[in-house]
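Student: Take a look at the letters that make up each chain.
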Amino acid sequence: MRAFSYAAPGSVQEATRLLATANGGAKVLAGGTDILVQLREGLRTADLVVDVKKIPELMELAYDAPSGLHLGASVPCYQLYEREELCRAYSALTDAGRIVGGWQIQSRASVGGNLCNSSPAADTVPALIALRAVCRIARPDGTREVPVEEFCVAPGRNVLEKGEILVSLELPPPQPNSGSAYQRFIPRNEMDIAVVGVASWVKLNAAGDRIESARIAVGAVAPTARFAQEASELLAGKPADEATFEQAGDLARKVASPISDMRGTAEFRTHLVGVLVKRTLTHAVERARQA
Amino acid sequence: MSKKTQVATTINGEAVEFLCEPRQSLLEVLRDTLRLTGAKEGCNNGNCGACTVLLNGLPVNSCLVLAVEADGAKIETVEGLAQQGHLHPVQKCFLEGAALQCGICTPGFLMATKALLDKNPNPSEHDIRFNLAGNLCRCTGYDKIVRAVQEAAKQLQTAEAAT
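So the protein sequences, as listed, match chains A and B.
Note that the first sequence covers residues 1 to 291 in the working numbering.
Note that the second sequence covers residues 1 to 163 in the working numbering.
In isolation and in its complexed conformation, chain B is listed as follows (with noise of 0.2 Å):
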């Protein structure tokens, strides 16, 4: 077994340092060494989406990052969405538009959903179709997810002219 190397993070506000192999996905190190278990493993070749993790900002599949590369970076997951107890409108959103089913796939449409609303506020249908592309669901059939980002970008925008 090769050495563990120090990592430095800043994991949803926080900072988190840990010990991994450079072998070790950030899907990995998140879940069993952090025990933050809200991103889920799916294909684990990333054609899922199931395991997205916004990395300085950017929506990627983190059984595509190594660990060691997350050195000094920004790391947000699904656990740092709510906020003192309420859920993001996001989250409402889909809870709400019954955006899921079994659930599986949800954590990672909504940091895919948050990051796609923070760098366009008012997406167009295809827009959020296009982009959320890389996050696959295999019980909805897409139209109520879709329903839901558009609800939450709505939500969102009330908010924000409101303060």
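Isolated chain A (complex conformation) (with noise of 0.2 Å):
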């Protein structure tokens, strides 16, 4: 790997006036999982290294029922699927943490992380979208926040200016009847790069025979992960079956516009994203009974 120097500031602004001032290329490093392949391949390069592994914020995991989730952006992928209540309250994301690589790649890379990258294969990015995530971004004279589907851009670009990072990603409270599932197609049981990611929540009425509303969010079939907004709002108001379901995925399909590739050809991929909407709204809706 080329020579680089190393900082690990204690603070976001320290951090931020570092990225800032900077000259030549900086680069945050959080679990490293993506960056430090990246820079030994050549893919990116830095002068500087910003470990932010020390700033308490981007560490901090905070979740309660009424308040939501706050999810550092340097948080392990370990963390989140290790606690039963985020299981339960964000299920879509905890399916997705605990698929990202093997368990040495989530004991150290995070959710933040995978989003930075900007990935459109991204394993967590559909399932923050499902889950109506907001990036707090902070640079050296102050914050601004961005939904999660405006953050990544093209493939491995993000909205980040110079002299930002990503804070943390924060999470409504779960709702009452409602449930989450992400699932990924892949040619193998582990450890792959999705073909299709689909992330899908729902939440049904008391009854738990009706949708009230959805929100779908498919990944690896464009630039960048895509909220299903015709295919989400269809589903209001209509009864939770499988024909419901397969209309979602038709639906769905418009926003798809994939590459072919080895993994998978632009006609199976597309196909693929009605299988997967029909499959995670099938998991989401059990979940939401059983909430």
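It is worth saying that the hints were derived from the structure and are not from the lab.
Treat the hints loosely; a few may be bogus.
[Claimed, not checked] Calculated pairs, EDC-like style, for lysine to aspartate or glutamate (alpha carbon to alpha carbon, straight line, at most 20 Å):
hint : chain 1 : residue 1 : chain 2 : residue 2
1    : B       : 3         : B       : 14
2    : B       : 74        : A       : 84
3    : A       : 53        : B       : 71
[To be verified] A few chain B residues that face chain A, going by a derived Cβ cut-off under 10 Å, partial list only:
hint : residue
4    : 66
5    : 80
6    : 82
7    : 83
8    : 86
9    : 87
10   : 131
11   : 133
12   : 134
The beta carbon of each residue, even a glycine, is placed where N, CA and C say it ideally should be.
Bring the two chains, given one by one in their own frames, into a single complex with the hints.
Tutor: Here it is in structure tokens:
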């Protein structure tokens, strides 16, 4: 790996100042499972690496049912799925966190890092979109908030400007009679990159047979993960049954503009969107009924 | 070349200090500076798990950790598994169950297995396969590895019950 200098600031302010004033390339290091590979392989370069794991706000995971989840940007994935109450309240996100790489990766890799790496196939991003996460971003002179579906702008690129860091993801409190799920298609059992990934969130009526509102997001079928708005809106007021899920799957295919590559053809990926929308809706509805 | 940084860690229970460049991985320092060559460099990009060590009790790919990040951390490597000349039950079961052929992946499997059995002393076959998915073996086909982990779990539980 090319030489760089290393800093591990203890506060958001110091980190943003370091990034804002760095001459040459500065890169943020959280779990390092993407950035260290990219630096080693020369896909990205850095003169300064800023390790943000010493900043308390970025390592904070706070949850309570009335206020929701505050997820520091550098909290490693395993900390999410090891907490029962988070697996119930934010199932799609813990489904995704559990399958980002293997255990060695999950010990280090963070949801915030997965988002900032901005791969179109990132597993946690569709889940964050379905769960209405908001990104809290800091810069030397203040903060701003961006809905997660507006964060990534192209493969490997996002809205962060020089001197800005992602501090946390804020997820709204779980609603009664709601449930969510994330599933991806890969040709192996584990340790692979999504050919397609879909996250669905639903809120049911008290009887549990009708959908009040829903959010579907798809990954790996466009330059960034996409919120399937039309498919999500169609579900409002509809019976929670297979015919409805099928219709939603058909509509969700419209936001897919996949490429063909070694993982699958565009046609196959588009087909999979419909399949996974149906499966994740079915799973999310089951979970909502148990909630 | 950038300046070397002093790093203080605990490795296999002993305080160890070393000097490293920020760009050096923990794997590089373990192997080339500290001569702890148990952790292997397989892919050097986080896919194969041959370099697995425990960092503060959690399995990590040491090729994807900067050595400077290990300051203040507790590191366990395969060299620390055997105690007073006696193989750890996990090592014994891998050996007796022929859960290795070329052996390159073995130190990583042993460390991931140790972490698994520390967390979950009685894992199901699914738990074993799921938690060891980050360790690749190109010789054995995994069945013997899974059986060795099951046997080690049994022996550790028996030993636990006897104390």
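Student: Take the hints in turn and mark each one as holding or not.
Tutor: Comparing the hints with the structure gives:
| no. | hint | in the structure |
| --- | --- | --- |
| 1 | B:3 <-> B:14 | violated, 26 Å |
| 2 | B:74 <-> A:84 | violated, 27 Å |
| 3 | A:53 <-> B:71 | holds, 12 Å |
| 4 | 66 | holds, 7 Å |
| 5 | 80 | violated, 18 Å |
| 6 | 82 | violated, 22 Å |
| 7 | 83 | violated, 24 Å |
| 8 | 86 | violated, 27 Å |
| 9 | 87 | violated, 23 Å |
| 10 | 131 | holds, 5 Å |
| 11 | 133 | holds, 4 Å |
| 12 | 134 | holds, 2 Å |
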